[in-house]
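Engineer: Sequence:
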Amino acid sequence: AKTLKAVADKGRAGFYEGWVAEKIAKAHAQHGGLVTVEDLAGYQAVVREPLTIRYRELEVLTMPPPSMGGIAVAAILQNLAAASAHRAPKGSALAHHLFIEASRRAYADRRSVGADPEHVDRAVVGPRLEKLLDPAYYRQRQPPIDPNKATPSKAIVPLAEEMPAPESPETTHFSVVDAQGNAVACTTTLSAAFGAWVVVPGTGILLSNAMGAFSPEGVNTLAPGKRMASSMSPTILAQDGKPVAAIGSPGGDTIPGTVAQVARNLIDEGMTIDAAIEAPRVHHQFRPDEVRTEKRYPLPAAIQAALAKLGHQLKPSPAVLGDANGIVLDPWRGKAWGHADSRKGGLAAGPGPRRPPTADPGGDAPATEDTPAP
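For the sequence shown, the working numbering assigns the number 1 to the initial residue and increments by one for each residue that follows.
If you're looking for bench data, these hints aren't it; they were derived computationally from the structure.
Glycine included, C-beta positions come from ideal geometry on N, C-alpha and C.
Just to be clear, a hint being listed does not mean it is correct.
Label-pair distances were calculated between CB atoms; the ranges are [as the list claims (entries may be wrong)]:
| id | residue 1 | residue 2 | range |
| --- | --- | --- | --- |
| 1 | Tyr43 | Lys242 | 32 to 40 Å |
| 2 | Cys186 | Val157 | 31 to 39 Å |
| 3 | Ala123 | Trp197 | 36 to 44 Å |
| 4 | Cys186 | Arg139 | 28 to 36 Å |
| 5 | Arg122 | Pro152 | 28 to 36 Å |
| 6 | Arg333 | Pro50 | 22 to 30 Å |
| 7 | Val157 | Pro351 | 28 to 36 Å |
Dumping the calculated PhoX-like pairs for lysine-lysine here, alpha-carbon to alpha-carbon at most 25 Å [claimed, not checked]:
| id | residue 1 | residue 2 |
| --- | --- | --- |
| 8 | Lys344 | Lys154 |
| 9 | Lys295 | Lys315 |
| 10 | Lys315 | Lys154 |
Make the full structure from the sequences, and use the hints.
Structural biologist: Rendered as structure tokens:
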């Protein structure tokens, strides 16, 4: 509570300076860390323009580098568009097959831009990012998605070979909208469960172990002041300049696939937000060449058999794929519907329309009653 009050009273200075910063630096020193009060005082948040593409009739706004999650979401959706995946029968084996193939290619390419833009050769990474945002790249990409069989990952040539960064799934996402229709999709991470397993005494602050997300070589190598790559993929869908959905998920490497599947379920399958989030999910990340499925949320047996016949190696896992939450908005009617994934637990909540005041039983003062959000 003291830490939160310091931030509430002083904003940025309440965390990166003063007694909170001193305690953070002291905890680092006690555990052999390198962060000093000077490092904390010099830290600055960076406001970046979101990556923006169009998918069907909607605008998709998602996280830019250093995250390689947003570009993966964009690449999955653009691979789907190039394959005209929206024409596949809803919920069919073909629809799942096309999504798997779109993911395979997107994950092959995403590492080429997953790095801090302030610490890379922009002459190299910039053109890669431009290419991955260009729909023409996906129409021309070889080999094209074959609707009749799986493409082995060994046949896919990444846009650029980069070393993978290890990722842990202990991330948090929340989506928020207000009465004016403004939307926030926010993803944060400690990397592993409880981060570095160090609590800064007297603050309630857990230190993360996210520096483990740097790569041993390539564009995402460790450097002073550099932000590491991640798979965080907070995403907003918009129509005519107005937000119509805010979605996101934890899950490490699986995040982009989870977010893209929820978006596709909303847009192509016409699902409600609860159905879009609760639907069974699949995951293919290029390497290893396998399709992870969920034992607790299994695909129908007929779909699994059809995918296997197409050449996919299915690998049922006891672990769930993500833990999405999201909100769908109707800005023209002023309505919103939210849902939190049942896979790990969460909560969707909000005030309903305020009713006219009515007298309480004692008649002393008016009372109001809020109805649950739809």
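Engineer: Next, verify each hint and record whether it holds.
Structural biologist: Hints versus structure:
1. Tyr43 x Lys242: 32 to 40 Å: For Lys242 against Tyr43, whose Cβ atoms are near 34 Å apart, the range 32 to 40 Å holds.
2. Cys186 x Val157: 31 to 39 Å: holds (35 Å)
3. Ala123 x Trp197: 36 to 44 Å: The hint (36 to 44 Å, Cβ to Cβ) holds, given that Ala123 and Trp197 are roughly 41 Å apart.
4. Cys186 x Arg139: 28 to 36 Å: holds (33 Å)
5. Arg122 x Pro152: 28 to 36 Å: holds (34 Å)
6. Arg333 x Pro50: 22 to 30 Å: Because 26 Å falls inside the window, the suggested range holds.
7. Val157 x Pro351: 28 to 36 Å: 52 Å Cβ-Cβ, so the 28 to 36 Å window is violated.
8. Lys344 x Lys154: Since the Cα atoms of Lys344 and Lys154 sit roughly 34 Å apart, the hinted pair is violated (cutoff 25 Å).
9. Lys295 x Lys315: At roughly 9 Å apart (the allowed maximum being 25 Å), Lys315 and Lys295 satisfy the hint.
10. Lys315 x Lys154: Distance of about 18 Å is within 25 Å: holds.
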